[in-house]
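Novice: Sequence:
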Amino acid sequence: MIILIQKLRTVTLTNGNIKDLASDCDQLNIRGFVTLHQEVRVKKISTHGHSSFHSRVEAQILNSTGSCTIKGFCEINEIKSGGSLNMRNGQVTQLNSSGKLTIEQNLEVETVDATGIVKATEILAKHFHLKMSGESKIGELIADEICIEKDKISVLPLLKKKLICHCIKGRNVRLSYTNAEIVEGDVVVVGSNCSVKALYYTDSYSIAPNAKVQQVVRREKE
122 MIILIQKLRT VTLTNGNIKD LASDCDQLNI RGFVTLHQEV RVKKISTHGH
172 SSFHSRVEAQ ILNSTGSCTI KGFCEINEIK SGGSLNMRNG QVTQLNSSGK
222 LTIEQNLEVE TVDATGIVKA TEILAKHFHL KMSGESKIGE LIADEICIEK
272 DKISVLPLLK KKLICHCIKG RNVRLSYTNA EIVEGDVVVV GSNCSVKALY
322 YTDSYSIAPN AKVQQVVRRE KE
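Under the working numbering, the first residue of the sequence shown is numbered 122, with each subsequent residue one higher.
The reader is advised that the hints may include incorrect statements.
What the hints assert, rightly or not - Listed next, with one range per pair, are the computed distances between beta-carbon atoms: (1) 288 / 324: 16 to 22 Å; (2) 196 / 240: 20 to 26 Å; (3) 130 / 337: 30 to 36 Å; (4) 141 / 186: 22 to 28 Å; (5) 293 / 336: 19 to 25 Å.
Hint data in this document are derived by calculation from the structure and do not stem from the laboratory.
All values reported here derive from a predicted model rather than from experimental measurement.
All C-beta atoms in this analysis are idealised placements derived from N, C-alpha and C, irrespective of residue type, glycine included.
Can you build the whole structure from these sequences, using the hints too?
Specialist: Pasting the structure below:
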């Protein structure tokens with residue numbers, strides 16, 4: 122293990138299993154293969170390489186390139202991930218992911234802007250935007266504004282760019298390349314290459330010619 126003190130309250134870790142991170146650390150830099158076993162409470166985390174957090178993480182900012190795993194509860198204002206980010210559960214204000222995002226249990230977040238692949242059990246958000254580069258799976262997705270589309274840059278066949286979801290609930294819902302059991306919303310747009318078993322709406326809906334919807338039900342506003 123090598124610890125370099127760059128400046129006051131900033132710690133850089135390059136390798137090893139860490140159990141005694143300084144309590145007065147404001148900024149944590151990870152450069153290499155590092156596992157932290159204690160709770161982490163800092164202003165900023167910057168990780169390049171392979172990082173694993175085994176306990177609770179609290180931070181204002183998390184910037185990650187490479188692979189980052191958070192096994193405990195996390196409470197972070199802003200996350201920017203370029204690579205692979207694996208989270209158990211937590212609360213986040215702004216999440217920007219380019220690569221693979223995995224949520225093992227549930228995530229409460231205000232805004233998600235993801236390009237790549239998302240694997241999640243449950244996501245509760247205000248705004249959720251996904252540009253898929255490969256097959257994504259979400260158990261339950263709830264957000265005010267939802268937009269699902271394919272990433273035009275990816276070279277994978279279109280059939281590989283699909284979101285498979287049990288339940289999608291929102292106010293304004295725009296879907297494409299999505300297979301869902303249930304879709305609920307005030308305004309629902311079922312776009313290209315979608316397959317939906319049951320669509321519930323309150324204001325309006327539309328279905329693309331090459332989309333399939335088995336059942337459409339109008340609900341009165343509460």
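Novice: Determine for every hint whether it applies to the structure shown.
Specialist: The hints, checked one at a time:
At roughly 19 Å, the beta-carbon separation of residue 288 and residue 324 lies within the given 16 to 22 Å, and the hint holds. For residue 196 paired with residue 240, a C-beta distance near 22 Å keeps the hint of 20 to 26 Å intact. Taking the beta carbon of each, residue 130 and residue 337 are about 58 Å apart, not inside 30 to 36 Å as hinted. One distance hint, 22 to 28 Å for the beta-carbon pair residue 141 and residue 186, holds here, with the actual separation near 26 Å.
The hinted window of 19 to 25 Å between residue 293 and residue 336 holds, with their beta carbons roughly 21 Å apart.
When each numbered hint is compared with the structure, a violation occurs for hint 3 only.
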